[in-house]
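Undergrad: Chain residues, written in single-letter form:
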Amino acid sequence: MSLSLFLVIFLEGLSTSALLFLAAVGLSIIFGLMDILNFSHGALFMSGAYVAMTLFHATGNFPLAVAVGGFAAALLGLVMERMALRPLRGRPLYQAMVTVGAMLFLNQLVIEIWGPDIISFPTWAPLAGMTHVMSQPLSDYRVFLIILGGVVFLLLAAFLAYTPWGALVRAGVENAGLLEASGVNTGLLFTLTFGLGAFLAGVGGAVYGPFVRLVNPDLGLSILIDSFIVVVVGGFGSFGGTALGSLIIGVLRAFVGYFSPGWTVMLDVLLMAVVLLVKPSGLLGVRR
Amino acid sequence: MDTILMLEEVEVDIGRLNILKGVSLAVGNGVTALLGRNSAGKTVTLNTIMGYWPARRGRIEFLGRSLTGLPTHRIARQGIVYVPPRSVFHTLSVEANLSLGLGRPAYRARQDYVFSLLPELQGILQSPAGHLSGGQQQIVAMARALFHGPRLLLLDEPSRGLAPVVIKRIGEAIRQMAGEMPILLVEQNFALARELAGDFYILDDGRTVHSGTMADLAADDELKRRYLAIA
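Quick note, the sequences are listed as chains B and D, same order.
Under my numbering, think of the first position of the first sequence as 1, with each following residue one higher.
Under my numbering, think of the first position of the second sequence as 1, with each following residue one higher.
Derived contacts from chain D toward chain B, CB cut-off under 8 Å, selection only: (1) Tyr-82; (2) Ser-87; (3) Leu-100.
Pulled a few chain D residues facing chain B out of the computed Cβ check, cut under 7 Å: (4) Met-50; (5) Thr-72; (6) His-73; (7) Ala-76; (8) Arg-77; (9) Phe-89; (10) Thr-91; (11) Ala-96; (12) Gly-101.
Some residues of chain B that are not near chain D, with every Cβ distance over 12 Å (derived): (13) Leu-37; (14) Leu-78; (15) Met-83; (16) Asn-107; (17) Gly-115; (18) Ala-128; (19) Val-133; (20) Leu-138; (21) Leu-154; (22) Ser-222; (23) Val-256; (24) Ser-260; (25) Leu-276.
Think of the hints as simulated: they come from the structure by calculation, not from any bench.
Here the structure is a predicted model, which is why all the values come from computation and not from measurement.
Backbone N, C-alpha and C fix where the C-beta goes; we use that ideal spot for every residue, glycine too.
Could you put the whole structure together from the sequences, leaning on the hints where they help?
TA: As C-alpha cells, then:
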C-alpha cells in the first residue's frame with residue numbers, strides 16, 4: 001500500500017470517527033453523570049437528521065439546517081428529561097425503559113411525519129467537491145466532518161476543563177451525591193447536560209444525512225448500536241474514552257472496509273469483546 | 001444546651017430492610033460523637049439527615065425547622081455540610097474541589113479564613129485531588145466543607161485508613177473547627193472521639209441505646225465492651 005493511499009484511508013476513517021464521536025459523546029456523558037442508559041439517543045440523532053433534511057430542502061441553507069436539527073433534538077431531549085426521566089430519578093432501570101419507550105415513540109413519529117421510505121439528503125454544494133491528498137481523491141465533505149469533529153472535541157474539552165459548569169459535570173460524573181451535599185442542584189445540571197447531549201446527537205444526525213446522502217427510519221437504531229460499541233470500548237462516562245473509542249473504531253473500519261468490507265461489523269464486536277474481557281470498564285473508563 | 005439538630009425516633013427502610021429502627025439524638029455546640037459498631041447505622045443516620053434516604057417515621061429538625069422531605073441540595077443550603085471520609089473529586093484539582101458550587105466572590109471571601117485554619121492547603125491547590133495522600137484528601141474534604149460556611153458539620157470517620165501521625169493532625173484541625181461550628185462526628189477511633197467530643201450517642205442495630213458525656217463513657221468499661229467492642 002502506498003503512503004498516499006494509507007493517508008487517505010486514514011482520513012476517511014477519521015471522518016467516520018468524527019460522526020461516531022458526535023453520536024456517542026452525549027450517550028457517554030449522560031450515562032456518566034446521570035446513570036441513565038439512553039436508548040433514545042439514536043432516535044434523537046435521527047430526529048436531528050430529519051429536521052435538518054426538511055429544512056435543507058426548503059431553504060438550501062445547510063448551516064441553518066444543522067443548527068435547527070441540533071436544537072430540535074435538544075428540545076426533545078429536554079422535554080423527555082423533565083417530564084419522564086426526572087420523576088424516576090434514582091431508578092436507573094425504569095429510566096432505561098422510559099428511554100426505550102421514547103425511542104419507539106420517536107421512530108414511529110418520524111414514520112408518521114415523513115413516511116417509511118428513504119428520502120434523499122443531498123450534499124450542500126460548497127461541500128460537494130473533491131480535494132486531493134497526495135494525488136489521492138478525498139471528498140470535501142469528509143474534510144468538513146473531520147474539522148467539525150475536531151472543533152466539537154476541542155470545545156467540549158475546554159468546556160469540561162475550564163468552565164464552572166464543566167467542573168460540575170466532571171464532579172457529578174464522579175459522585176453526584178457528594179455534589180448534592182455541597183448544595184448544588186443536580187436536577188438542573190442533569191437537565192442541561194441531557195439537553196447538551198441531545199443537541200450534539202442532533203447535530204451529528206444533521207451532518208450524517210449528507211454523508212450517506214439520505215435519511216431513513218432505521219438510522220436511529222444503527223447509530224445507537226454504533227454509539228454503544230464506541231462507548232463500551234472507550235469507557236462509559238469517560239469523555240476522553242469516547243474520543244479514543246471513536247478514533248479507533250472509525251479508523252479501523254476504514255482499513256478493514258478497504259480490504260474486506262464484510263468484516264467491519266464483526267471486527268467492531270470482536271474489539272468490544274476483547275476490551276470487555278481485558279478491561280471491562282473500557283479503555284479509559286474508571287471502575288465505578 | 002442549645003439544640004441545633006434534633007432527631008426523634010427516626011426510622012429508615014432501605015429496600016425491604018428496616019435499617020434505622022429508632023434513632024434519637026440532639027446536637028448542640030462543640031463536638032457530639034455518634035458511636036457504635038460497624039453497621040450499627042451511623043453512616044445511614046448521616047445520610048438520612050442529608051436526605052439521601054427518606055425517613056419513614058420520626059422527626060428531623062434543624063434550628064427548629066423540619067428537614068423531612070427536602071431534597072439534598074436544599075438541606076445543604078441550610079448550612080448542613082456532610083463530609084464522608086476523604087470525600088474529594090479525584091479528577092478535579094484541589095482548587096476546583098474547593099470552589100465547586102461557589103461563585104468566585106464567595107470563594108475569595110472565605111479563602112483567608114480556610115487557609116488560616118488549614119495552612120497545608122496552600123502548597124497543593126493546583127494538584128489533582130486524586131494524587132494526594134489520604135490525610136491530604138481528608139484535609140481537602142474538610143476545607144471544601146468550610147468554604148460553604150457550615151452551620152453544622154457532619155463528619156463521617158475522618159480518621160479512616162490514616163496513619164497515627166496524620167490522625168493527630170486531623171484531630172487538631174477538627175478541634176479548631178469545633179470552636180467555630182457544631183460538629184456531629186461519626187468515629188471508630190475511640191481515642192480520637194474521646195479527645196474531641198463532649199457528648200456521645202451510641203447506636204446499636206439501628207437504635208439509639210445510650211447517650212451521655214464522653215467523660216462518663218470513657219470510665220464505663222462495661223458500656224464500651226458491650227457496644228463498641230473495646231475495653
